[in-house]
Amino acid sequence: MSLLELDNVGASYGAAPVLHGVSFSVEENDAAGILGANGAGKSTTLRAISGMVTTTGSIRFDGRDITGMRPDKIARLGIAHVPEGRGTLGDLSVRDNLRVGAFQQRDRKTVADDIEYCLDLFPNLRARIGSNASTLSGGEQQMLAIARGIMAKPRLILLDEASLGLAPSTAQNVYATIGRLRSEAGVSMVIVEQNAALAFRVVDHAIVLETGRISLQGPREKLMGMDEVRRAYLGG
Amino acid sequence: MAYFIQLIVEGLATGSIYGALALAIVLVNRSTGMINFAQGAMAVLATFVAYALTESGTPLLVAIVVAFVFAFLSGAVVERVIVRKFEGGDPDTAVVVTIGLLTLFTGIAAAFFGYEPHPFPSLFPAESIDILGVFISLRSLGTIIVLLLVMVLLQSLFRVTKMGLAMRAVADNPQSASLSGLPVSRLLMIGWGLAAGLGSIAGVLVAPQLFISPSMLDFALVYALAAAILGGLDSPFGAVIAAWTIGIVENLAGAYVSFIGDDLKIAVPFIMVMIVLAVRPQGLFGRKVVVRV
Amino acid sequence: MVWGPALGMKQLHASGAPKEGQMRLSQRGRSRTAVGAAELTLKNVNLTFGGITVLEEVSLHVEAGQIFGLVGPNGAGKTSLFNCISGHYVPSSGSILLGDVETLGLAGDRLSLMGLARTFQHPALQLRLTVLENVVLGAHSSLPGGPLAWALRLPFTVRAERAAREEARALLERFGLGSVADSPADELSPGLHKTIELCRALISHPRVLLLDEPAAGLSHAEVEAFIASIGQVRADFDLTIVIVEHHMGLISAVTDRVLVLNNGRTLMEGTASEAQSDPRVVEAYLGREEPTDESA
Amino acid sequence: MKNFIANTKVRGLALAAIAVFLIVAPLVSSPFMNYQLSLVAVYAVAILGLNIVMGYAGQVSLGQSAFLGLGAYVAAYGILNDWPIVLVFVLSCLIPALVGMLVALFAVRLRGIALAMVTISLPIIGVPLAKRFSEFTGGSQGTTVSWLDAPDWSGLASDQWRYYIVFAIAVVLFIFGRNLTKGRIGRAFGIVRTNEAVAMSMGISSYRYKVLAFTVASMFGGAAGFLYIGIVQYTSPETMSFHNSINMVVAMVIGGSASIIGTVLGAAYFVFLPAISGQIDPTQTALISGVVLLVILFLLPHGLVSLPRRLIQLIARARQKLNRAENAGPEDAGPAQNETGPVSAHTTTDVSESHPESPSKNT
Numbered sequence: 000m001s002l003l004e005l006d007n008v009g010a011s012y013g014a015a016p017v018l019h020g021v022s023f024s025v026e027e028n029d030a031a032g033i034l035g036a037n038g039a040g041k042s043t044t045l046r047a048i049s050g051m052v053t054t055t056g057s058i059r060f061d062g063r064d065i066t067g068m069r070p071d072k073i074a075r076l077g078i079a080h081v082p083e084g085r086g087t088l089g090d091l092s093v094r095d096n097l098r099v100g101a102f103q104q105r106d107r108k109t110v111a112d113d114i115e116y117c118l119d120l121f122p123n124l125r126a127r128i129g130s131n132a133s134t135l136s137g138g139e140q141q142m143l144a145i146a147r148g149i150m151a152k153p154r155l156i157l158l159d160e161a162s163l164g165l166a167p168s169t170a171q172n173v174y175a176t177i178g179r180l181r182s183e184a185g186v187s188m189v190i191v192e193q194n195a196a197l198a199f200r201v202v203d204h205a206i207v208l209e210t211g212r213i214s215l216q217g218p219r220e221k222l223m224g225m226d227e228v229r230r231a232y233l234g235g
Numbered sequence: 000m001a002y003f004i005q006l007i008v009e010g011l012a013t014g015s016i017y018g019a020l021a022l023a024i025v026l027v028n029r030s031t032g033m034i035n036f037a038q039g040a041m042a043v044l045a046t047f048v049a050y051a052l053t054e055s056g057t058p059l060l061v062a063i064v065v066a067f068v069f070a071f072l073s074g075a076v077v078e079r080v081i082v083r084k085f086e087g088g089d090p091d092t093a094v095v096v097t098i099g100l101l102t103l104f105t106g107i108a109a110a111f112f113g114y115e116p117h118p119f120p121s122l123f124p125a126e127s128i129d130i131l132g133v134f135i136s137l138r139s140l141g142t143i144i145v146l147l148l149v150m151v152l153l154q155s156l157f158r159v160t161k162m163g164l165a166m167r168a169v170a171d172n173p174q175s176a177s178l179s180g181l182p183v184s185r186l187l188m189i190g191w192g193l194a195a196g197l198g199s200i201a202g203v204l205v206a207p208q209l210f211i212s213p214s215m216l217d218f219a220l221v222y223a224l225a226a227a228i229l230g231g232l233d234s235p236f237g238a239v240i241a242a243w244t245i246g247i248v249e250n251l252a253g254a255y256v257s258f259i260g261d262d263l264k265i266a267v268p269f270i271m272v273m274i275v276l277a278v279r280p281q282g283l284f285g286r287k288v289v290v291r292v
Numbered sequence: 000m001v002w003g004p005a006l007g008m009k010q011l012h013a014s015g016a017p018k019e020g021q022m023r024l025s026q027r028g029r030s031r032t033a034v035g036a037a038e039l040t041l042k043n044v045n046l047t048f049g050g051i052t053v054l055e056e057v058s059l060h061v062e063a064g065q066i067f068g069l070v071g072p073n074g075a076g077k078t079s080l081f082n083c084i085s086g087h088y089v090p091s092s093g094s095i096l097l098g099d100v101e102t103l104g105l106a107g108d109r110l111s112l113m114g115l116a117r118t119f120q121h122p123a124l125q126l127r128l129t130v131l132e133n134v135v136l137g138a139h140s141s142l143p144g145g146p147l148a149w150a151l152r153l154p155f156t157v158r159a160e161r162a163a164r165e166e167a168r169a170l171l172e173r174f175g176l177g178s179v180a181d182s183p184a185d186e187l188s189p190g191l192h193k194t195i196e197l198c199r200a201l202i203s204h205p206r207v208l209l210l211d212e213p214a215a216g217l218s219h220a221e222v223e224a225f226i227a228s229i230g231q232v233r234a235d236f237d238l239t240i241v242i243v244e245h246h247m248g249l250i251s252a253v254t255d256r257v258l259v260l261n262n263g264r265t266l267m268e269g270t271a272s273e274a275q276s277d278p279r280v281v282e283a284y285l286g287r288e289e290p291t292d293e294s295a
Numbered sequence: 000m001k002n003f004i005a006n007t008k009v010r011g012l013a014l015a016a017i018a019v020f021l022i023v024a025p026l027v028s029s030p031f032m033n034y035q036l037s038l039v040a041v042y043a044v045a046i047l048g049l050n051i052v053m054g055y056a057g058q059v060s061l062g063q064s065a066f067l068g069l070g071a072y073v074a075a076y077g078i079l080n081d082w083p084i085v086l087v088f089v090l091s092c093l094i095p096a097l098v099g100m101l102v103a104l105f106a107v108r109l110r111g112i113a114l115a116m117v118t119i120s121l122p123i124i125g126v127p128l129a130k131r132f133s134e135f136t137g138g139s140q141g142t143t144v145s146w147l148d149a150p151d152w153s154g155l156a157s158d159q160w161r162y163y164i165v166f167a168i169a170v171v172l173f174i175f176g177r178n179l180t181k182g183r184i185g186r187a188f189g190i191v192r193t194n195e196a197v198a199m200s201m202g203i204s205s206y207r208y209k210v211l212a213f214t215v216a217s218m219f220g221g222a223a224g225f226l227y228i229g230i231v232q233y234t235s236p237e238t239m240s241f242h243n244s245i246n247m248v249v250a251m252v253i254g255g256s257a258s259i260i261g262t263v264l265g266a267a268y269f270v271f272l273p274a275i276s277g278q279i280d281p282t283q284t285a286l287i288s289g290v291v292l293l294v295i296l297f298l299l300p301h302g303l304v305s306l307p308r309r310l311i312q313l314i315a316r317a318r319q320k321l322n323r324a325e326n327a328g329p330e331d332a333g334p335a336q337n338e339t340g341p342v343s344a345h346t347t348t349d350v351s352e353s354h355p356e357s358p359s360k361n362t
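As they're listed, the protein sequences go chains A, B, C and D.
FYI, numbering that gives the first Met the number 0 numbers position 178 of the first sequence as 177, with every residue one higher than the one before it.
FYI, numbering that gives the first Met the number 0 numbers position 43 of the second sequence as 42, with every residue one higher than the one before it.
FYI, numbering that gives the first Met the number 0 numbers position 40 of the third sequence as 39, with every residue one higher than the one before it.
FYI, numbering that gives the first Met the number 0 numbers position 91 of the fourth sequence as 90, with every residue one higher than the one before it.
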């Protein structure tokens, strides 16, 4: 049984349909990528999984049907969605952001340990631990958003455009940490990324979306070898 | 001198009533980012519930507890059924929604109890005590103590408890908070419920003085808003300090500045707000928000 | 696509500069000292926010007609510098010259009259208005008359309004959006919103155009289209252009010069290729080629 | 284009029909009805002012009744002292405008809620102030003026005569108001409402335009006060009351904010709701008003004026749903699932033309 299974999932904003019959699955300790141009439906796919858009079809997590469930319930089942752009709580301190991430954890000691772990992963955050999230730079906010996701000890992380608006060196650091997180904590991932070169460092396999439909899917090596993918996403 | 101190204590007591309402406004603002112009009207309706109960022979304390519960539930229901749809939308629309609620709640109270004022029993005895030659009414003292208790409880709710943290998170960004598994919808309801409950405390404290009528708290609302804004909207502590200041300054101005007298006292908080905001637009205790382009 | 999808080079030339006889609003309306691309000079600009130094002694010089890039790692202060130039932030000290006019200390809303226009990273359009209305907004400074004249609909306001609408329509045609001029802006894709914003900036006849992350959120194809057409836009509209951008490919393809910032200070100024081969820049900006595990 | 022409024609016809109705109505209806209709015109002017500052420029104002009351006091005082009527009118516009501007110079530096708070204080302070200055205002009793009787040559009853005067002035003010909300100034109001950073880069000073909007709103409020004295012939501190202000905001939203027609609908609602509910039970007016407002906010967020558009939208959506239900079957079960499939030529071209909504879309 796969950890996450999407079967014929569709979604729309108001009257405009954005996704049509998308199906794929993610195994335990697996990292899947979603590639595609702007407006292809990548973010919507993640939003469908975390319950933030109304969907058709069926989405199963760990064997359980989560289609149509409220986002906070889905999150409590062990899915952490790190949304695109400002996913942080701007008026709260960095520490409080992390504490919010650990909302389900009951044991204070564990939470403290987890905060330490996150600060090791993202040393930049340590110096800013008492500052309001809104005063952080774009890169630091992105790190904080990911760290908050980790604090929930999820079985699956959904990462949306983690490199958007980041300088290349910062983006590389973020992805290096994501890779480390996977090997250390064994978290499964679905990664949406415009920069395919970065995504391919981490993912095992990927789907390519075009205007809301899957146009390609397969293991990383196979996709990287395809001319169409190289031209469209790897810049040469 | 004794008269002066007496004025200050009375100012503190009326300030405490504005403070309770201001705390409710701050609480709603924190949990939903809205300003509830109906806060006073909702409190009046809850106070009317207490009034109806005492009229039918229920002990006052029981009536007040029932009114608090009623207020909590009505606040939660209003949030769930009406306000929910407008949260996170256009803030001007949100203002209009709460104005609709203000009209609605005033309307409900008027439809059941009419517009003429009714006497309301006080929780505190009418006597005064003599402290070093200054006569202080037990009513004023009681009001001040109740408010202090409420403030301490609220501040520790936000600062210490996990629920307070969760409520702050939801106030900041409900969507993002829900992705961390926070039960957003329940937290918002609790926020509004608590605020309405606080309002009902202000209502039962003030009703013995003003007599109860549907528009009893209209002016108090303006004072409370002034206090909340002066206090910086995100700081319960600041709101109470500002409410006290307003209460004292208003009382002293009414007594010592003959032009102001009793009828123009209400101009005092307005002018204070104007002056303070001209200097510090973020309020006395609020943080300055850096707008990023 | 950003700069008008169906626009081949041929069309670009054909519909290039404003046609003969077409009225330039700025000449009819409020007068401006000069038109045409202007130099931009910053001297020792400092910016602090609540005690934190964001920019420290930044200087730069952009020749008239250049395309100039502001680059640097995140948090380096590019956007802050950009906002200082556009008047949205007020530097604590220094000097910003547009042509030879000091703009520091002027109210931000006066800069449009001085010939400065900008776009925003997230296009800020009025989505319920038509595309045309959005563009005409940009002509605000060049339209004559105050509230009374417009309330009374004095004839000169009617004429000026008509001219502004014609010019907006011509601009939209130039960028391939003529057919959607009367549609509400929210019916168009985010990529096209950037084009509408560009038209809104151009209708004020700027001498210096500031572009805030023009490639953010665009697909590769759209970025290609942008790169292909930006030079022509500069020539047609006689502009100096300053770009803040993360997309290194774009910066090296279109800019004449770049300023690299790091921690609020100038790291180097030069051409994009000089920047890319400068070891300091490589270290600060691009990072090491193979990032190693930090715990290792 | 065709649509547009048809639209102007329909509009012209509708306007002509309304004009004929407004001219004929007072000749055939009762004095009470004429009084009510005239009041609609009065409040339409006041609500138009409110709409300019709130609907168009996006600045919450809960103090409009203060300006209406001030204008009415100025008008009553001037008339009682036999000042020239034109001067009285000009002063009842200018004095409130000036007061509004002074308040705005302070207040518009505040955002949203602080602004609402400052404006809500205006009527609350205005009422005791009016009572205090009783030599000008007549104190709590208010002032009564009797003027504006129909001259003999007109052959009209006074209610009809007043109706025509008030309507003529209101129409002229509406034309000015409408012009102001279009074109250069209207666009500036719009962008100040939606995005001040953009406004600045367009050369628009948000501060100045907010002050302008407040000043214009207060001026319209004052003009409405003058008209109010023309129709009601009496004013008291109650005219300024906080509830009047609140009810005007409610009426504006119910009619439709940022809309000229919505303003008129709102004024009609403002005048007729108490008249109608008063016949049932006056204590229920507030209740009904609150319910109506909330229902409107839920179902028609852009007010009564958007009712036709909303209906068309709903019908179109229902139709679309029907169509989709018919076509959905084969489409959705469709081709989407190529396993590691070869990329068809079609797919690659799609990558380079990423936008589904190309600008060549016809309208």
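Please note: incorrect hints may appear among the correct ones.
Claimed, not checked - Residues of chain C clear of chain A, computed beta-carbon distances all greater than 12 Å:
hint: 1; residue: LYS77
hint: 2; residue: PRO146
hint: 3; residue: GLU160
hint: 4; residue: GLU221
hint: 5; residue: ARG233
hint: 6; residue: ARG264
Claimed, not checked - Estimated spans, in silico, between C-beta atoms of each pair:
hint: 7; chain 1: B; residue 1: ILE270; chain 2: D; residue 2: ALA13; range: 40 to 50 Å
hint: 8; chain 1: D; residue 1: ALA156; chain 2: B; residue 2: ARG279; range: 57 to 67 Å
hint: 9; chain 1: D; residue 1: LEU101; chain 2: B; residue 2: PHE3; range: 53 to 63 Å
hint: 10; chain 1: A; residue 1: SER130; chain 2: C; residue 2: VAL281; range: 24 to 34 Å
hint: 11; chain 1: D; residue 1: MET32; chain 2: B; residue 2: GLU126; range: 39 to 49 Å
hint: 12; chain 1: D; residue 1: ASN80; chain 2: B; residue 2: GLN154; range: 23 to 33 Å
hint: 13; chain 1: B; residue 1: GLN174; chain 2: D; residue 2: TRP82; range: 51 to 61 Å
hint: 14; chain 1: A; residue 1: SER130; chain 2: B; residue 2: GLN154; range: 48 to 58 Å
hint: 15; chain 1: B; residue 1: SER55; chain 2: D; residue 2: GLN319; range: 30 to 40 Å
hint: 16; chain 1: A; residue 1: SER22; chain 2: B; residue 2: VAL151; range: 49 to 59 Å
hint: 17; chain 1: C; residue 1: ARG127; chain 2: B; residue 2: ARG279; range: 48 to 58 Å
Calculated directly from the structure, the hints in this document are not laboratory data.
Even glycine gets a Cβ: it sits at the ideal position worked out from N, Cα and C.
Comparing the hints with the structure gives:
For C/LYS77, the requirement that its beta carbon stay farther than 12 Å from each beta carbon of chain A is not met, with the minimum near 10 Å. For C/PRO146, the non-interface assignment is confirmed: its Cβ lies about 37 Å from the closest Cβ of chain A, beyond the 12 Å cut-off. The non-interface label for C/GLU160 is consistent with chain A: the shortest C-beta to C-beta separation is roughly 34 Å, beyond 12 Å. Annotated as non-interface, C/GLU221 brings its C-beta within 12 Å of a C-beta of chain A; the closest such distance is 7 Å.
At the 12 Å boundary, the C-beta of C/ARG233 stays outside the reach of chain A, the nearest C-beta of that chain being 24 Å off. Listed as outside the interface, C/ARG264 is consistent with that label: its C-beta sits roughly 16 Å from the nearest C-beta of chain A, beyond the 12 Å cut-off. Checked against the given bound of 40 to 50 Å, the beta carbons of B/ILE270 and D/ALA13, roughly 49 Å apart, stay inside it. At roughly 58 Å, the beta-carbon separation of D/ALA156 and B/ARG279 lies within the given 57 to 67 Å, and the hint holds.
The hinted range of 53 to 63 Å is not satisfied by D/LEU101 and B/PHE3, whose Cβ atoms lie roughly 34 Å apart. Hint check: A/SER130 to C/VAL281, Cβ distance near 30 Å, so the stated range 24 to 34 Å holds. For D/MET32 and B/GLU126, the Cβ-Cβ distance of about 60 Å falls outside the hinted range of 39 to 49 Å, so the restraint is violated. The hinted range of 23 to 33 Å is not satisfied by D/ASN80 and B/GLN154, whose Cβ atoms lie roughly 58 Å apart.
Distance hint check for B/GLN174 and D/TRP82: the Cβ-Cβ separation is about 60 Å, which falls inside the suggested range of 51 to 61 Å. Roughly 22 Å separates the CB atoms of A/SER130 and B/GLN154, a value that falls outside the hinted 48 to 58 Å. Here the CB-CB span from B/SER55 to D/GLN319 is close to 57 Å, at odds with the stated 30 to 40 Å. Separated by about 56 Å at the C-beta atoms, A/SER22 and B/VAL151 satisfy the suggested range of 49 to 59 Å.
In this structure, C/ARG127 and B/ARG279 break the distance hint of 48 to 58 Å, their C-beta atoms being roughly 35 Å apart.
Hint violations for this structure: numbers 1, 4, 9, 11, 12, 14, 15, 17, all remaining hints satisfied.
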